[in-house]
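Chain by chain, the residues run as shown.
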Amino acid sequence: MVDVSIATLRPDRAAVASQWQLIWWAFKRHRLAMAALFVTLAMYIVALVPGFFAINDPIAQNARATFHPPQAVHFFDTSDGFDFGLYYHPMRLTRDPNTLAAIFIEDTSKKVPIQLFGRGFSYSVLGLFETDIHLIASTDKTRPLFLFGADRLGRDVYSRVVQGAQVSLSIGLVGVFLSLFLGIVLGGISGYYGGRIDFVMQRVIDFVLSLPTIPIWLALAAALPQGWPATLQYMMITIILSFTGWAQLARVVRGRFLSLRTEEFVAAARLDGVSEGRIIFRHMLPSFSSHIIASMTLAVPAMILAETSLSFLGLGLQPPTISWGVLLREAQNIRSIATAPWLFLPGLAVVIAVMALNLFGDGLRDAADPYNK
Amino acid sequence: MLKFVIKRLFWMIPSLFAVSFLAFVLIQLPPGDFVTTYIATLASSNEVVDQNTAAQLRERFGLDQPMLVQYLKWIWGIVTRGDFGLSFEWQQPVSGLIWERMALTLVLALASLIATWALALPIGVYSAVKKYSIGDYAFTAFTFFGLSIPSFLLALVLMYVAAVEFGQDVGGLFSSQYETAPWSIGKMYDLLTHLWLPVAILAVSSTASLIRVMRANMLDELPKPYVTTARAKGLSEFRLLVKYPLRIALNPFISTIAWLLPNLISGSVVVAIVLNLPTAAPLLLQSLMAQDMYLAGAFVLLICALTLIGSLISDILLALVDPRIRLE
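Line order of the protein sequences matches chains S and B. Just so we're aligned, residue 9 is where the first sequence starts under this note's numbering, counting upward by one. Just so we're aligned, residue -13 is where the second sequence starts under this note's numbering, counting upward by one.
Any given hint could turn out to be false.
To be verified - Computed cross-link-like contacts, BS3-like style, restricted to lysine-lysine with a CA-CA straight-line distance of at most 30 Å:
1. Lys219(B) - Lys229(B)
2. Lys116(B) - Lys210(B)
3. Lys229(B) - Lys210(B)
4. Lys210(B) - Lys117(B)
5. Lys36(S) - Lys117(B)
6. Lys116(B) - Lys36(S)
Unchecked claim - Calculated from the model, a selection of chain S residues having no Cβ within reach of chain B, i.e. all distances over 10 Å:
7. Ala55
8. Asp65
9. Leu94
10. Pro105
11. Tyr131
12. Phe215
13. Pro237
14. Thr239
15. Ala277
16. Leu323
Everything labelled a hint here was simulated from the structure, so no lab data went into it. All C-beta atoms, glycine included, are put in the ideal place defined by N, C-alpha and C.
Generate coordinates for the entire structure from the input sequences, incorporating the hints supplied.
Next up, the structure:
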């Protein structure tokens, strides 16, 4: 938020720089947004190959690890002098003699080394090929590492959070692209033609925006048959989320179209006999695409929150599919979170992802208008 | 002014019809109907329903008629008699089930709206006046946090803290002794002692965006010459703020009611389900799961109508305070 314009700082380069170059320069000055960009990128990389970042098989159940608490990873070995090395202490399962409740005790006498790029369960990379190499792998398969603890079926919460990133983060992107398509088509028509069409479209947009989204989504999601395959369910939930999401983007697109419609270069193109389609896509769209991208970035976190809420309520994605909302369902009743507060950790992933995307989108919006500073 | 209000009221009619139709289509969407679900439930307890009984049931509930006829019957009943149909699951008229819950939904939404305003207004002004101060940064951090945390997660965490740290159950809106009691001063007080938690949760997520709107509006107004003039006149800083820039910055603030209310109601649905509040939301979810279509439809319709009325009120208020809008 420095009020010095880019043009005064680098007058020679700014004069010839492309718009995207200017946006990038403006964006780079926004330190918080840059940090958010890196977090966002890191999370999408994890979402691309979750298997590589997972430690244990996210769907494998382990009866001996029910509500296994999180374990700390040690970076330095101070037991005999000082030494570098990754390891963790395995936990021993004992039972309370009276209640028979499971108690996990850290066995500090034993050490299990952690291997970087070691071998673990096998997974497929984007459906292209299978491998079993992981970023971190435990060397003792009988005493696995539970970084974020385990849930009531003994499944590794950390690996599930990593796996859930794929669905939760991609549903935001896919949903936004779907909304964008609807938004550009409907908002574009409305803003470009104006008049009666614009009037009707405005009423429709106002109407959609004044609806409370969650009840509508709930009603739509309740209509989905329970037995559908995961991919179909995923697509349907995305469509449901876009059903109301398009209106916001349509409004942005319309506003831009309206203000650009009267610009000289559009009038010039029209007088030259350029076709309508070419005017829209060749002349008008590039001049506001940066704004659209900024609004899109801000719409992604809203989609992620929506999916999380829906799945949490049990009407979104269904359990064999792993998403952050599905994981948070485990934290739904007070008894299980009282015994295993680490079941909140998927929520932390949601908060970080949404916050990073919000900050990134915010910085992008500020930078999107490099001439306006 | 009157012309504007009438025009705006006139627009409510198609909107309300669209909402009612939408609600009806939504509840018709699931494959099968209540009778199918009913038969499936009976079948799971080894009771067999033959085709004739099923057909009779459908006829009794009017489920065998085309959708448009069903819709017209439904809406006609609502408009003329306030009759929302029969809840299959509860075997009683929907209108007997919904009103108290809708009233509590409205109370929750209004209380959250007021709390949101009461928080966002001073914080937004403060952030703008003390731009780039530590307080401003702290509030900005808070707003980003508020925007990022799903309200149900906040509700869960607070429930966890209350249960584990203080040994208290914070769910519900009433203590057990008041739950079925008729309305009284004691019950009102009891409601207030329970209401603050969902209100606080909802306010955290909705103040976030409103603070940013308020801050931006104030920042637009503060450097304007009339502020300098007022300061030169010797007005105290507080009086100056309240008298001029605040009043102008409030304008877009009012228009935000239109989108704040749908957001609040959406959020309250999830929070109410988590905290098990006796508002419309938990029953809506339950009726959707059970395909109790008239009950679900009544809730969807009323909740949507509530937000439509909210945007109507916000438009009228806006026209009242801003002459440019009503003269347009």
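Now the hints, each set against the structure:
1. Restraint check for Lys219(B) and Lys229(B): the C-alpha separation of about 13 Å stays at or below 30 Å, so the hint holds.
2. Pair hint Lys116(B) plus Lys210(B) holds up; C-alpha atoms about 16 Å apart against a cutoff of 30 Å.
3. For the suggested pair Lys229(B) and Lys210(B), the alpha carbons sit about 14 Å apart, so the restraint of at most 30 Å is met.
4. For the given pair, Lys210(B) sits about 16 Å from Lys117(B) by alpha-carbon distance, which is consistent with the 30 Å threshold.
5. The straight-line distance between the Cα atoms of Lys36(S) and Lys117(B) is roughly 22 Å, inside the 30 Å bound, and the hint therefore holds.
6. The suggested pairing of Lys116(B) with Lys36(S) holds, with an alpha-carbon distance near 26 Å, which does not exceed 30 Å.
7. In this structure Ala55(S) is separated from chain B by more than 10 Å, as the shortest Cβ-Cβ distance comes to about 18 Å.
8. With a least CB separation of 26 Å from chain B, Asp65(S) remains clear of the 10 Å interface cut-off, as annotated.
9. The Cβ of Leu94(S) sits about 31 Å from the closest Cβ of chain B, beyond the 10 Å cut-off, so the non-interface label holds.
10. With a cut of 10 Å on Cβ distances, Pro105(S) stays outside the contact zone with chain B, its closest approach being about 24 Å.
11. The claim that Tyr131(S) is not at the interface with chain B holds, since no C-beta of that chain comes within 10 Å of its own (minimum 28 Å).
12. Not every C-beta of chain B lies more than 10 Å from that of Phe215(S), the closest at about 6 Å, which undercuts listing it as non-interface.
13. Residue-level check passed: Pro237(S) sits 16 Å from the nearest beta carbon of chain B, beyond 10 Å.
14. Under the 10 Å C-beta cut-off, the non-interface status given to Thr239(S) relative to chain B holds; the minimum distance is some 19 Å.
15. No Cβ of chain B approaches the Cβ of Ala277(S) within 10 Å, the least distance being about 31 Å, so the stated non-interface status holds.
16. Chain B draws Leu323(S) into its interface by the beta-carbon criterion, the shortest separation being 7 Å against a cut-off of 10 Å.
Hint violations for this structure: numbers 12 and 16, all remaining hints satisfied.
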